[in-house]
Amino acid sequence: MSVSVRIPTILRTYTNGSAEVGGEGATLREVLQKLDADFPGIGARILDETGKIRRFVNVYVGEEDVRFADNLDTPTPSGVQISIIPAVAGG
Amino acid sequence: MSLPPLVEPAAELTVDEVRRYSRHLIIPDVGMAGQKRLKNAKVLCVGAGGLGSPALLYLAAAGVGTLGVIDFDVVDESNLQRQVIHGQSDVGRPKAESAAASVREINPLIDVVAHNEILTTENVMEIFARYDLIVDGTDNFATRYMVNDAAVLLGKPYVWGSIYRFDGQASVFWAEHGPCYRCLYPEPPPPGMVPSCAEGGVLGVLCASIGSIQVNEAIKLLTGIGEPLVGRLMIYDALEMNYRSVKVRKDPECVLCGKNPTVTELLEDYEAFCGAVSAEAAEAVSGSTITATELKSWQDAGENIYVVDVREPNEYEIVSIPGAVLIPKGEFLNGSALEKLPQDKKIVLHCKSGVRSAECLAIVKNAGFSDAVHVGGGVLSWIKTIDPSLPTY
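Going down the list, the sequences are from chains B and X.
The numbering of the first sequence is the UniProt record's numbering, which starts it at 1 and goes up by one.
The numbering of the second sequence is the UniProt record's numbering, which starts it at 1 and goes up by one.
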């Protein structure tokens, strides 16, 4: 399944500055695994040591926050946009 | 989902007010009734910084009858790139006072209240209680969680915005009608994981993009028009020039506004909740922090040291400590920095103010460089004590 992944500014150091990268996988877990294989280190910024999504990072499949869907098992249908939105506090 | 107006209309508008607000009055959705509601409204802006500047200017111009501003800081020259409510002659002046003066100049028909103090768990409830709506323009997680908790406990809506470099986010949190900030971000990031604008920078005009969304939402809530940004998060990317919105759900498990809340009053210490530095870093720096003066004397004495600047390349370009080698913090986080460090020299780390170098020091010490140290206060301290001719940022 081919999807697109939106990368927030603070993680673009991992994607050579790209704001959006292609992804593959039937579930969010697979997409994030592939993402970390393509851009080593980015996975650890999204997932904690136990493999769960960090509490200050929200991941959306389409418009839906996966915390209110099936978390990492949320299906990622072909063509869907995945957004990674970390908390920022600047003002 | 539309919501009823937050504020009852004032009895009347004066002739001066009708003249001033005529472009609002001829919009059918606003009209006399909407403008009278704005006149009766009491809005508090927390922070007169990047977001607070445009927010206050437009809230004032729009005719919000009572406008409060709370800020403990003073205007610094490095603020003027984006904090457009302050001017050159305000440098050194308390931000709350400077902002209040600008508000009075823009609209003498409204009341402005300058709270020249720091918002704390001691005063937040009492101050918030005097207002109908809160606009959050603060710059750190600790204050943001405190603002959220106080707003939820008092049943007040608050309009939230946040910025970093070219990215902005905005939403309206109102537990009675939707999610709160803790529903969106249940926990703050550990210190060091998410850089602040002081560390990472921010495009000045981004403040206007997000601050104007906040005012837009405040006016809608006060007058009861349109679709409020409750339960949605606006995400703005200035480089790509697009706005997207995603859903924010009310979390039934939210510790504050969920079904079985465990947080029923303010936390005792929001700084501790968010952590100034991580526990690892706090341990690493204990007994391993030197001053800029010590570093200078080590350099002058020809000590066998290796000075590493862990900031970003563009910060290094602005100003750096002579002899320091640049290895950005990211390379410590992914481990690649370690092979660049000589085994036969004492490692001295520094950053801008000492937070990032503390995080890196924990990593370096863990890797076996047990005599490594970091410079408390970073390059800013170096400039202050060793070479005030250098530019600060």
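It is possible that part of the hints are untrue.
[What the hints assert, rightly or not] Only part of the chain X face toward chain B is listed, based on derived beta-carbon distances under 7 Å:
no., residue
1, 186
2, 240
3, 301
Honestly, the hints are just simulated from the structure, not real lab data.
Just so we're clear, the structure is a prediction, and the values are computed from it rather than from any experiment.
Using N, Cα and C, we set each Cβ at its ideal position, and we do this for glycine too.
#### Entry: Per-residue hint verdict: residue 240(X), partner chain B, C-beta under 7 Å
Holds. Min distance 6 Å.
### Query
Would the hint on residue 301(X) stand, with a C-beta cut-off of 7 Å toward chain B?
Given a least distance of 37 Å, the restraint on residue 301(X) is violated.
### Query
Holds or violated: is there a CB of chain B closer than 7 Å to the CB of residue 186(X)?
OK, holds: residue 186(X) within 7 Å of chain B, min 5 Å.
In this structure, only the earlier hint numbered 3 is contradicted, and the remaining ones agree with it.
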